[in-house]
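Visitor: The hints should help you fit chain B onto chain A, whose structure is shown.
Residue numbers (our numbering), protein chains in the order written: chain A, 1 to 185; chain B, 1 to 436.
Honestly, I wouldn't trust all of these hints.
Claimed, not checked - Only part of the chain B face toward chain A is listed, based on derived beta-carbon distances under 10 angstroms: (1) Gly22; (2) Thr59; (3) Cys257.
Quick caveat, the hints were computed from the structure, so don't treat them as lab data.
Bear in mind the structure is a predicted one, so any value in this text is a computation, not a measurement.
Cβ coordinates follow ideal geometry from the N, Cα and C atoms, glycine included.
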Amino acid sequence: MSGVSSGPSGAWHLLCSLARAHDFLTRLTFWVAMIGVAYLTTVLAWEVLARYALRQPSGWAPDTAALAFGLSIFLAAPTLSKEGGHADMRLVVDTLPASAAVWLRRFTMLLACAVCWLAAWFGYNELLRLFQRGVMVIAVTPIPKWWLMAAIVYSLVSMGLYFLRHFLTSFCGTPASAGRGGEFS
Amino acid sequence: MIEWQIFITCAVVLMLGLFATGLPIFLAFLTLNLAGLYVLTGSFKGVLLVVNSMYDTSTSMSLAAIPLFILLGEILFRSSAVNVVFNAVDAVVGAVRARLYIVSVVLSTVFGALSGSAMAVAAMMGSSLLPEMVKRGYDRRLSMGTILGGSSLAPIIPPSVMAVVLGILAGVSISGLLVAGIVPGLVLGVVFFGYVVLRVKLKPSLAPPSTTDAHLPATVRLGMVLKALPFVLIIVAIMGLIIAGVATPTEAAAVGCVVALIICSLFATLNLGKLAEALSSTARTTSMIMIIMVCSVSFSQILNMSGVTTSLVQSVISLDWSPVLMFALLMALGFVLCMFVDQIAVMILLVPLYKPIIAGLGFDPLWFWAIFLINVSVGNITPPFGYTLFTLQGVARGVPIQELYRAALPFIVLYVLMIAVFALLPGLITFLPSLM
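Just chain B, with the same shape it has in the complex:
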C-alpha cells in the first residue's frame, strides 16, 4: 500500500491537471476513479464499483430534488413571472436616490430564491437592469457589483440545487440545510442593501437624483405587489411544506412545480411551447450536474479504501490546533479552490475529506456545512475564474473582465465578513432548522 500522503497528493494534482486540459469535469472524476482503483487493486475489475455507484446515485430520491428545483425556476423564468416580480419590486422601492441599486439587490435576492441559479440571475439582470442603470447615470462598477453580490445569494436562499448536492455529499439533512440558508441569505441581502445606501450617501455622484417617474400612486403600487404575490407564495409554500414536515424537499419541489404550472398558466404567459422549452432545458441542466455527481461519488469510497480518510483525520486531530484556526483553514481552502475550480467539483473533492475531520473536531455539521455553502457560493464571483463573472461579462457587452473583478471585490469582502459573523453567531443558522 502506497503512503496516503502520496496517494492524496497525486489524486489532487491529477484532478487539477485533468481539469486544466479542458476534459469535461465528470470525465476528470471518472478517470481519477478508474486510475485510483487500478492503483489500489492492480486491475480494472474495481470499475464495477464505479458503475454500481453510478446506478445507486442516479436513483437517489433526495437528488431528484435537483431537476424539480431547476424546472421550477425554468417555469417561472420562461413565463414572464419574473417581469411581474420585477415591476412589483420596482414599485415598492419608490423614489430614493440609490433606487436602482436597491432594486438590483432586492431583485437578485428574490430571483435567487425563484431560480436557484446564480448564473441565470446574473444573465437576466445583466441583460435587463444593467443597461438601464448605466443609461440613467448609475455607476457601472457598483451596478455590476450589486448584480454579482445579489446573484450569489441564489445557492444560499432555498430552493437551492447546491444545498441538495452538498446535503447528499455531507450526509446532513437536506431539509435542514435548505432551511438553514434562509436567515443568512436574507441577512446578506440586507447587508448589501445597507452597503449600497451607505456608498451613495458617502459619494452621491454614484447615483443620479431620484426622478419623478419613480413616484407612483399607492394603489398602483399595491396592485403590482398583489400581482406578484402568487409567484412569491410558490416559494413560501415549498418551504412551508418542508418546515412543517409534510413533504420531503423532493416532494415539496414537485408540488411547487405543479402549483407554478397552474399559477403561471393563469397569471403569466406559460403555454405548451414554453413548457416544452422548460422541460428541455431542465433535462440538459440536470444531466450536466448529475452526470458529474454519478461519476464522482465513488471518489469518497476510493479515499476510504486507500486509507486516506482515516489517516488524514488522525493527522489533523493530532495537530491539536484551536477549533477557530481549523475552521478558518478549512474555509480558506474551499475559498481558494473555488477561485480556480467549479463549485460542485470543489464540494466533491473536499466534502469527503472534511466530513470525518469536522466530526473529529466536534463541529455542528449543519452549522459548518451551511457556512461552507455560503463560502463556495462566493466562488461564483471570485476572480479569476468565477463563472458568474463571465456570465455577466457575456451579457454586459464591452466590459473588461478587470472591471468586473473590481466590481465584485467589495461584495466578496462583505461575504467574508458575514461568514465570520455567521461563524460567531451560530444561532442565525441553526435557529430555523431547530424548529423543524
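Next comes chain A alone, as it looks inside the complex:
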C-alpha cells in the first residue's frame, strides 16, 4: 500500500478511519458470534438436564438457542470475508497467468459485492416491514423477527464492503495479494 499511503490526503485518512471502524465492528460481532456458540451449547445441554433430571423443561431454551445459532452464523461471516476465509475453489484461478488471475479476482470481488448488496437491499426492506409491524417468531417464547433479520442485513452489507475493499486494495498491492487482505492501512 506504500504507493498510495505516501501521498496522504484528507479523503485517504477518512477512508482509513472508516476501514478501521469497519474492522473493529467485525471483531466485535465475531466475539458476539463466539458467545452465541457458547450460549447455544450451554442452553441446549441445560434443556436436556431440565427435561429429564429436573422434569421442568423450559419453553425459552430452544427458541433462544435458535436465535443464538442464527446470530452466530451471520455475525461471524464478515470476519471470513475480511480474511478471505470463505470456502472457494481457487485451483483454476491459481493455474492462470498472474495478471489474468488478478483481473479475474477483481471481477469476482465486484460481483460478490454487487450480489451481497442486492440481497442486503431486499433484506433491509423486509427488516423495515418486520420492525414496523412488530412481527414475532411463532414460538413458545415470542422473539422479534427483526433481530435476526438485522444481523442478516448487517452481514450482507459488511461482507459486500469487504469484497469492495479487496477489489480496491488489489490496485494498490502486489498481484499475489489481490483479493486478499482488505486492509487500507
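Guide: Same frame as chain A, but now just chain B:
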C-alpha cells in the same frame, strides 16, 4: 416459460463457471438463485424468497448440530485428548510387522469419530504420524494411503457434520442417517486394516521388522487404554442418547460438548485459553459451512418453480431403466462431480434433483442417502481436486501431488467396492437405524 432442459443446463453451467472463477461458493449459489429468480419472474422482487429462506435455514435446530459437533471436535483436539487416544491405540496394536499402518488406520477411524472432519484428521496424522512412519522405514505411499483412506471415514462415522447437512437437504431423519453410518464406517475401517496387513504379507519390504520398543507390559497397555476410555465414551454417550431417543442429535451434541468440557478439564489439558480458541474456530467453521447452506437452500425452491423437478422425474421414470443401472448412474454422477467440486456444493446441487427421483424409483431413502454420503466422502481423496489430498500435501512437505494421487487410488477402489457391497447388503446400513 423456458424449456426445463435449457434451464437446468444453464444453471449447472453457470454454477460450475462461477466456481471456476474462484467466487466463494456461497456467493456462487446466491448469484445463481438471484439470476434464476430474475429469469423466472422478470424482476428481482423474488429475492425476498431468498432472504426469508436465509432466515428460516439459519434458525433450523436440526442444523444447529453442526456447530456443536465442530465444537466437540475442537475441544478434544485442542486439549491433548488426541495424544491420550494416540498412545492407547499405539499400545493396543503391539508388535506386529505392519504396526504403524494399523495404528494409522485405527487412529484415523477413531479420530474421524472424534472430530468429524476428514481434513482435520489428515492434517493431524500427516504432521504427527507420517514423518515417524517414513523415518522408521515404512513405505511413504502406503503410509499416506492409510491416512487418506482412514480420514475419509470422518464424514461417515458419527458424529458427522456432513450427515446433518445431507439429512436436512434430503429430508431424512438426521438421527437415522447418523446411526446408519456406524456399521459402514467400521466395516470400511476393518477392510483398510485387512488391506494393509495383506499388502505387507505379500510384499514384506513395505514395512520394517517389528522392533522391541513396541513390546510393552500388559499393565502399561491397560493403563493407557483406561486413560483413553473417558474420551471415547463421550462419542459412545452421544450416540447412545440418539439411539435411545432420549435427545435429538442437536441436544445430544450439546450434552457431549459439556461432558467433553468436564472430562478434558479433568483428564486432559483444557483451559480457558484453549476453550476460547475452540469457540473462535467453531464460529469460523460454522459460519463458513452455514453461509453456504443459507444462501443455497432456495435453489431447490427455484428448481420447483421452474418445473425442472417435476419434468426431470417424469423423464427419468419414463426411461424405464433397471433400478441397478439407475442407482449406479446416480452414484457415478455424484462421484465424478466430487472430483471437481466441493462436497457440500455437490450435495446442494444434486440432492434436490435426486430426492424426487429416488422416491419415484422406490429406493429406501435412508439406504440411498447413507451410501450417497459414503460416495461424496470419497470425493475428499479423489483426484484432481480432493481437499484432503491438498491438506495432506500441505503438512507432508516435499511430496508431489502425483504421489498422493497414487497413494489414494487403492483406497478409492476399496471404497467403490464396499459401496457395491453396501448396496447389495442393505441390512448393513438399515439394521441399526431400524432399532431406533
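Visitor: Would you mind marking each hint as holding or not holding in the structure?
Guide: Outcome of the hint check:
| no. | hint | result |
| --- | --- | --- |
| 1 | Gly22 | holds, 4 angstroms |
| 2 | Thr59 | holds, 4 angstroms |
| 3 | Cys257 | holds, 5 angstroms |
Going through the hint list in order, the structure satisfies each hint without exception.
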